Amino acid sequence: MLSSDKKEGVFVLRIVIYGPKASGKSTIGRSIGKIIGLPLYETDELIEHLYAEQTGIHKNCRQIYKTEGREFFSKLEIDVVNKIANLDWCLIITGGSLLLNPQNRQKLRKNSILVYFTADKSVLWNRILNLGLPPWIDPANPEESFYEELSRREEILLPYADIVIDTNSGSIEELTQITIERLSEEISIRVSSPNTFGDLIRVTTFGESHGPAIGAVIDGLPPGIEISEEDIQKELDRRKPGQSSITTRRKESDKVHILSGFFEGKTTGAPLTLLIYNEDPKSHHYDNIRNIFRPGHADYTFFMKFGIRDHRGGGRASGRETATRVASGAIAKKILEKKGVKIYAYSIEIGGIPCYKIDNYENIEKNPVRCPDIETAEEMEKKILEVRKEGDSLGGIVQIEIHGVPPGLGDPVFGKLSARLASAIMSIGAVKGVEFGDGFKLARLKGSEANDNMEDGKFLTNHAGGLLGGISTGEPIVMRVVVKPTSSIAKQQKTLNTDFENVEIKVHGRHDPCIVPRAIPVMESMVALTILDAWVKQANLNPQWAEKWGCPFD
1 MLSSDKKEGV FVLRIVIYGP KASGKSTIGR SIGKIIGLPL YETDELIEHL YAEQTGIHKN
61 CRQIYKTEGR EFFSKLEIDV VNKIANLDWC LIITGGSLLL NPQNRQKLRK NSILVYFTAD
121 KSVLWNRILN LGLPPWIDPA NPEESFYEEL SRREEILLPY ADIVIDTNSG SIEELTQITI
181 ERLSEEISIR VSSPNTFGDL IRVTTFGESH GPAIGAVIDG LPPGIEISEE DIQKELDRRK
241 PGQSSITTRR KESDKVHILS GFFEGKTTGA PLTLLIYNED PKSHHYDNIR NIFRPGHADY
301 TFFMKFGIRD HRGGGRASGR ETATRVASGA IAKKILEKKG VKIYAYSIEI GGIPCYKIDN
361 YENIEKNPVR CPDIETAEEM EKKILEVRKE GDSLGGIVQI EIHGVPPGLG DPVFGKLSAR
421 LASAIMSIGA VKGVEFGDGF KLARLKGSEA NDNMEDGKFL TNHAGGLLGG ISTGEPIVMR
481 VVVKPTSSIA KQQKTLNTDF ENVEIKVHGR HDPCIVPRAI PVMESMVALT ILDAWVKQAN
541 LNPQWAEKWG CPFD
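Quick note on my numbering: the sequence shown kicks off at 1 and runs consecutively.
I should point out that these hints are in silico values taken from the structure, not numbers from a laboratory. For clarity, every value in this text was computed on a predicted model and none was experimentally measured. The beta-carbon is built from N, C-alpha and C at its ideal position, and this holds for glycine as well. Just so you know, not all the hints are guaranteed correct.
Claimed, not checked - Taking lysine to aspartate or glutamate and the DMTMM-like style, the derived pairs with C-alpha atoms no more than 20 Å apart in a straight line are:
| # | residue 1 | residue 2 |
| --- | --- | --- |
| 1 | K334 | D219 |
| 2 | K446 | E435 |
| 3 | K121 | E154 |
| 4 | K441 | D456 |
| 5 | K382 | D392 |
| 6 | K266 | E186 |
| 7 | K389 | E379 |
| 8 | K107 | E547 |
| 9 | K107 | D88 |
| 10 | K357 | E337 |
| 11 | K255 | D231 |
What the hints assert, rightly or not - What follows is a set of in silico ranges between Cβ atoms, one per label pair, in the way DEER data are often shown:
| # | residue 1 | residue 2 | range |
| --- | --- | --- | --- |
| 12 | G132 | S228 | 47 to 55 Å |
| 13 | N542 | L460 | 22 to 30 Å |
| 14 | N453 | G340 | 34 to 42 Å |
Build the full structure now, drawing on both the sequences and the hints.
Quick look at the structure:
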């Protein structure tokens, strides 16, 4: 059963029921509202109330439309949407005309589950004859006029629906129960889907390492954001395999294709779909280990969880999946850069070789290990090549700095920005640890040494790494990330087969001797997606804050 109790750390809920006239949205919507206990707002009633406030005259929507005209009525719709746009934990019932306006649609889609009620056109027409014709119908040819407008509206509005309810048959009670069950399923997916990241800016990734393609669907982006395949490709090229002598020899162009949500160089507000074809999988390299668990990989755990696994490169658990994160993150990075946010990630240790000189970000992309110090980078590269010849691999540590983040991002207590950033980074396959600011070093300091004192409107130090109480302070957010050595190595190792018998294995093929350099663009992308999502959430939560710091899409 759905609940209207609002809890910290759980995404807010808004249900928007819409559809054509006579689809049953009002009757069934009110029935749903009584059962689940959410506050109910009908936009027709709000429009009528607003009109009465402005004119002192009480009329229903049909009368207002006929006497005042379409333009005046549309302005009332916009005013009503502005009043309810920031409401959460409520149920909104609205007609299709209000959502034909792209700005209205975008505002009501945010953080909402959209439920579209419909029926066969002949059924709707027969119901309308009993209820009364809508004011926009051509009286000279009413039935044909209705069908044409219905077709136009469904073509525009139906693709945005999360749930579609057919009201051709069934009692009010039956249709109410069906809708509540579908809502429960949708909420469950949004809360727990392991393939979707984000609350308001949601990224769902799909595909496997040796399947035909991988990709991502980004939902929640407003219309009008300028993007290009070139913007995305630039970031993908930083992650793609085969870049240097210290990366895998797998050859993938990682060419991105935008399939939807994009028109004439801008987002449309519809889900943005990105696709990358797998061009060089060479699945036969894995035939000899079809029934063997590779040490360090997710082979064993996937098999124990699902009872089946894709042995070809790890399937969904492969690092190949991270290309979809980079493609999505490229868009988030571009949006944030326009707001002055800069993300720097770089190697500070590989194979036990530390980098102490961090004073030139321009050096990061000038060497294959992405280290800010050229001399240290050469030592790191040399060691990686030595270990590769031995059939082994190396891990390392990445430092991430996020500059330009405004104070106030993050939600107590389970939605802390620190928790969300850690979760985002820990979702990357090779990552085994994260620390913020001075991190574990703080355990060896006194409170007087660890606290960041403040004076003249600013912090004097940044031991906390730009986060206090899980909320951004406005100082640079500083993280360090531990990346384990690549699991696929050519050295003899002991393991089990799928019959749980003892066997030995050498993993041959094309593998990175050190995944750290290619993991860096992935980390930047996950950080960018997290910050963007948190910023949009904060701008919606506190209008006064948004007036000062803006919305990322301004």
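Structure versus earlier hints - violations, ascending order: 4, 6, 10, 14
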